[in-house]
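Peer 1: If you want the building blocks of each chain, they are given just below.
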Amino acid sequence: MTPVRPKIDETYCKGCNICVAICPVGVYTVGKSTSARGYVVPIIKKPQECVDSKRNPNEKKKCELCIYVCPDQAIDWENE
Amino acid sequence: MNFFDFYRQDRWPHMFCPGCGVGTVMNTFYRAFAESGLDQNKTVFVAGIGCSGRIPGYIRADSLHTTHGRPLAFAGGIKVANPKLKVVVFTGDGDLGAIGGNHFINACRRNIELTVICINNYIYGMTGGQASTTTPRDLLSSTTPFGNREYPFDLSEVAVAAGANYVARWTTFHVKQMTKSMHKALLKDGLSFVEIASQCPTQFGRRNDLNSAREVFDWLKSNSVPRSKARDLSEDHLDLNLMGKITVGEFVERNRESYMKAIGVMK
Amino acid sequence: MQGDEASVEGAIHAGCRFFAGYPITPATEIAERMAKRLREADGVFLQLEDEIAAIAAIIGASWTGTKAMTATSGPGFSLMQENLGYACMTETPIVIIDVQRGGPSTGQPTRAAQGDVMQARWGSHGDYETIALAPNSVQEMFDLTIEAFNLSEKYRVPTIVLSDADIGHMRGTFVVSNSIDITDRKYHLKPVSYNAFAYDENLIPNFPKFGEGHRVHITGLTHDISGYPKTTDPKVHEALVTRLVNKIRLHRNNICRAEIINPQAEKLIVAYGSPSNSVYEVLNERADIGLFRPITVWPFPEEKLRESAQYAKKILVLEMNMGQLYWEVERIARQSPCEKIELFTKLGGDVHAPDEILERCA
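As you go down the protein sequences, you meet chains A, B and C in turn. Using the numbering used here, you'd call the opening residue of the first sequence number 45 and step up by one each time. Using the numbering used here, you'd call the opening residue of the second sequence number 144 and step up by one each time. Using the numbering used here, you'd call the opening residue of the third sequence number 39 and step up by one each time.
Check before you lean on any hint, since a few could be wrong.
Stated by the list, open to error - In silico BS3-like pairs for lysine-lysine, Cα to Cα no more than 25 Å straight-line: (1) Lys51/A to Lys104/A; (2) Lys305/C to Lys247/C; (3) Lys319/B to Lys51/A; (4) Lys227/B to Lys351/C; (5) Lys105/A to Lys227/B; (6) Lys404/B to Lys74/C; (7) Lys192/C to Lys342/C; (8) Lys185/B to Lys364/B; (9) Lys228/C to Lys247/C; (10) Lys404/B to Lys388/B; (11) Lys227/B to Lys247/C; (12) Lys227/B to Lys224/C; (13) Lys227/B to Lys388/B; (14) Lys323/B to Lys388/B; (15) Lys319/B to Lys98/A; (16) Lys327/B to Lys106/A; (17) Lys404/B to Lys90/A; (18) Lys364/B to Lys89/A; (19) Lys305/C to Lys185/B; (20) Lys319/B to Lys105/A; (21) Lys227/B to Lys185/B.
Derived by calculation from the structure, the hints in this document are not laboratory data.
Here chain A stands alone, though its shape is the one from the complex (with noise of 0.2 Å):
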């Protein structure tokens, strides 16, 4: 089972960090250094804890509440 984790794409984040906020297990922190758009974008902390990166990429994500509320369509899935 190869484990998925979630990624930003830094060319759309624009640092609001409501996926800090909605994350039941802390995955996402406020970041520090900015971003090329001159956003500061969040750091995914703790990518293990993630329950959907868990699963198999191929497997229906059950959580998934960052990519739902991102308003900036700034996360997706990366397969390792």
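Given the coordinates of chain A, work out where chains B and C should sit on it, guided by the hints.
Peer 2: Same frame as chain A, now just chains B and C:
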């Protein structure tokens, strides 16, 4: 259906402010639509004026961006003239609850088969932060610099009273429930009204001591309460300030005859 | 039947299958007859909450490819102005019957006037052009309603029939010709996702009907040929607005119509709508008087008037207002040798009587 099958990729990144709840509504609506099985070629999106009204310009479908307050009137004309088209309306608290109030209550009364998504950010965002008919009392806006002296509308309760077949309200925190309600709204007969309490960090938040998108988001989340819990007999019905709470949930689900059936354009 | 009712028959003949309206004297009969006739014709009749909803609904209906109409009078016409501008901006074919009554404001609900003439041209904000027709009989209520549909379809522009309380309520007979030309808008035949507003030398884009896979975005914001809003580029706005206006101006010769009797007369009466009926009687008595009756009030038949003005020593403009079309006539006739361009105003709902007109033409 992928996200950019539904939306116009050539117009990305979109225009909405950092942390704006409209972006969240775009996600949830797309998912609700993708699961509905509706034909995007046979769906028309009608928008009013304001930030929420900009959504249809981003959707890969026929869309009509109309005059302020009137999308329900235009939408009614489209639906009645060609009942085979699915018609979805995107509107906001000012567009629907102020200038569009008359069309709002009459469309609900007629129960015209429309799916109405109202993004309520408690302010007039596009024009720079003026008070709305849903701005809670005492809050600040650019036209209420000393505190709002008026009490707000509860748009969802208005929709219930006016006769809409399906009424639900969620905040942008309640993404899963919101998606489910939108999905129901898309497939239900008659007028379906889904109100989304949404964060406007730039105009609403900034003026009311909520100094980031996260803070407004948390404000919505912590002030929301299930309607079933809030509306009991002990509550003061005259307190139009909603007891300082945003009631959420499915408010009503009924099967009144839809307008199209009543006037005979649809069997 | 009544003029109002003849207008309904004209609309149905032209293919109108959608009416949305709000009751208002003296146009209510149009709504009432439409309520019955559209059911027979398998169309849709809606009585809506106000005139703003009415014009919005007919615009929406038009985007599904349905010919749609509303009918109102002054106060309702004023309410409709914002959405009328929207119809111009989005190039939506619609027909509005304005059965004029005494104004301003609530005014004289049951008496005729011609106070909305300028409003039909300039009532909404911004730069645009409309087409407005002025019937003067029950026959013309029938004919010109059909013509209004044809013009609005061909030029993708809202077309107004400027009637009045007398023409609307007068009773008479009319003839339905066997061969009536009906024009339909030109549709985009293949799905066109981009550049739905592309146009040729006629300046009229093809119409992308909703529900056919065009996936087109229609907005009242300034837009380019893709339809997407582009509000901050001056060139885009200029291109759009000049096309909307030139779309009509370019085709003036095909659009403008006037009835001219005794065109080389020394005394030329310019009259339209109700007052023109009195002029027919006057013409019977005097050979030195002529009539110039604009049938299209907008665009005003300038070229035709200029021709007749060459011969006139005096031009008398009859209006049931304090001077609206008069200014167009005055502007045009000033370029001719004619030195006397007079306005004969009649307010309150009575039409200019033939002997009153004769007195002014002594």
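Peer 1: Hints numbered earlier in the text: which of these fail when held up against the supplied structure?
Peer 2: 2, 4, 5, 8, 10, 13, 17 and 19
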